[in-house]
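Chemist: Sequences listed follow chains A and B, in order. Counting from 1, position 203 in the first sequence corresponds to residue 203 in our numbering; the numbering is continuous, with no gaps. To convert, take the position in the second sequence, counting from 1, and add 1000; that gives our numbering.
This list has only true hints and no planted wrong ones.
Simulated crosslink set (DSSO-like; lysine-lysine; CA at most 30 angstroms straight-line):
# : chain 1 : residue 1 : chain 2 : residue 2
1 : B       : Lys1085   : A       : Lys373
2 : B       : Lys1252   : B       : Lys1326
3 : A       : Lys315    : A       : Lys268
4 : A       : Lys314    : B       : Lys1085
5 : B       : Lys1174   : A       : Lys265
6 : B       : Lys1160   : A       : Lys265
7 : A       : Lys377    : B       : Lys1226
8 : B       : Lys1202   : B       : Lys1160
9 : B       : Lys1158   : A       : Lys315
Quick caveat, the hints were computed from the structure, so don't treat them as lab data.
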Amino acid sequence: MNFKIVGVFCIVLFFSVRVYGESVMGLDVEEFYLDNGLKVLLVNRGVLPVVSIQLWYKVGAIDEVDGKSGIAHFLEHMAFKGTKSLKPGEFSKIVRSLGGNDNAATSWDYTFYYVNVPSEHTVKILVMLKEMMFDVIFDNNEFEMERKVILEERRMRYEDDPFGQFFEDFLSNSFKQINYRRPIIGWEKDIRNLSLDDLKNFYNTYYSPKNATLVLVGNIDKEKISKEIRNIFSESSKNLYQREEVVKDISEFNTGKVEFRTVRKDAKSKAVIVGFRTPSYRISKRDTVSLEILDYILTDGRGSRMFKDLVVEKKVASSVSGGVMIGKYPFLTYFFAIANPDVSLDNLKSEMINSIYSVLRQKITQDEISIVKRKIKAEKVYEFQKNSGIAWFLGWSEVVLGSYKEMDNFMKLVDEINENDVMEVFNKYFSESNMIVGILEN
Amino acid sequence: MNFLVLTLAIFLVLLGEEVMADFYKVLETIDKNRYDFVLDNGLKVVILNIEDAKSLDIVIGFDTGSLNESKPGLSYLTSQVLLFKNKKYNMLEIPKYIESLGGVINTSSGHDISTIEIKCLQEDTYDVLSKLLDILTGFEVDDEVLSIVKPSIISSIKAKDDDPWDYTRKVFLKELYGTHPYGREPESDEESINKITPIDIKNFFRDFYTPDNATLAIVGKVEKEKIIKFLTENYSKWKGKKATYNVPKIKKSNSKREVKIKRDLKQSTIRIGHLSTNIKDKNRIKLKVLNHILGGGGFGSRLMEKVREKEGLAYGITSNFYIDRKLEGYFFVGTQTENKNVKKVIEIITNEIKEIIDNGVSQKELDDTKNFLKGSMLLSMESFSTIANFLISEKILKLDKNYFLKDIERISVINKEEIKRIAKEYLKPEELLIVIVGGE
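Pulled out of the complex, with its shape left as it was, chain A reads as follows (with noise of 0.2 angstroms):
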């Protein structure tokens, strides 16, 4: 064992806990509360002696003001960059010399750290994630370092990447209140003016533990690793913040048709993108389960009706996709095509919106509506054979959709909605004045 964990590990306090056992999606859920707010969600699988370890926050770039863009994902990286007892870059060693593997990924709503480890080593692990959420050091040199690591994460991902710019115009696009319009990496200039105090402050206010849910999910002996998470984590802290669970609705639904084309002269893809603003699942939960099902029969595998009819038929698309983005707060929509060569951009979006609205002419089936269902739960088991899998489900479940319950009412849904939700959502969404139509050109 690293000497300056040991340090760490002998700060050990007792609270009090509530227990409860939930079975969710045919998984034996164990969840308590320390009294420093923490939530923590245990699952034991008896399959190999390997265990997912993830910390998710409720905090991402929804939270940052305008100017501060990139603050949540940047705090991500310096969240590496030292603690009180680890050096800069010597969580990630730790864990691989344990025989694991370790990240960390900032959304619009969330940020969580991950570590999938042989659980013998479970112990070891859990006690670097607490200092990341209570001791985490800011040296100045380091952030100096890790804004231009950011920079060039930055030019990797959108700036030399045509789709990565584009989707990026999409989402600035979209929406002129609601903070997914912003990337999560940030604005370049903001990235370049964020201080070392900004982060801070940031840290202190989001990263409490009434704002955290660690989850674990592997072979482990829930009774014993209950206790030392209460051991662990039951640090006290003054920082009582808690993400308010209530969503305001503040949708920007049908605030009128916006068109934008990026032009990347260097590029030799073209593609277009056809969106629709949609609702939060917490808001709308039938709408959203309804909209989810609306996607995958209008795009998901070659049985999908906008394959067929683009790429099949009309063979002006090589591929058809698409996404219902769920979001804390009402999100998108959307369907994306890269063109055949020879044809035109004006061609394919023409085509693009006339494919998805001949479901209007061609009503949804409650044959493809079973298919869709069962796709759904198959892909469960599929994304349920890894602990990582499970534990990302639990995870974003509770961030987003507000609780890792809501697993098992979104599956009650699927198995509830017909065809008629569908042709609902449908009418309600996919009108024009809701509609945001890009093209990427050269």
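Once you've looked at the hints, dock chain B against the given chain A.
Modeler: Relative to chain A, chain B alone:
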């Protein structure tokens, strides 16, 4: 706890105690869940039962790829048209049917191996296996199919050209291997794709998608006797004989040179490397260890430490001995940095290569790497698809039974003197090819 799980749990404990003598007993136990057999038509089958599983991964792998093609891109294009037309079904009916069951089916072709991979629920096992057999016995292709698939491949070639990382790899491979099939991406280029006819594809399919050239791996919940009976009764009817084909040899020459391609980008993508060995090399696993320490180990590697952590010059940097292949693979280091920093980054990379050759690695680096690679192997066993692909590679590349699992055993006995020796032997600074794609 099921049998396989129990076995692996014991396995880990034993390794922790370094009781390697008992390792073979553990492998024997694993073998009880694995069953290998060969049908009369030459089809090799491996099944691995995982008792608590609710799904299956079925992979059929063919000992063919761009190494065997008479026209560039033929193997890849063949793999991409497999699911479209069939003598017994309407266009795309088979994949649509599998998807309607909640299954996922994909095809691919690399330089050495081509595969059809299916993921399905356990209850659909025999339905899906029947459809897979239909794909293999009723394959059809015509101009109509090619009018759909060719534009799709050409678009994906263009998308790869737009990605600086992918484009730099393409240039690097061409410079390293010349006109050899390893010198191009499996999908080749637009001009080559447009020259391929339905007859070319039918001939390629006839010559290489044959039972005696294939391995079928099934991983998940399987009833051994039932599945053996099913496969014997049905898959034995699949006929065909593999064609003989002389695999082209790689022309070795000193690759030391610098290739610069200017593009209007803010970053430059750098790829540095040279030709190396293949999967049969007895030092393969030692090279994996060496690579992990040099640049393959992410945040723990020397290159990541120097280039990202100490200097902030790149978001990421990686290296690899890309040698798990039939013929000579290659060693490379790759990264992306702001145009003005190219010279500095190349200097750091070449210095680190020299440093590891001259001074080897520390005992701590070696111990940490061994632990990481052992743990990685264990974590990879969570994925049925990974296991199935291990089994396919094992058979097609004619490796020992449980070859990849036995990497753990090989890793355990490596010492740092050996790493220093192979660094000297396999890293060749005097042969480094440097490819830079970017501005300035």
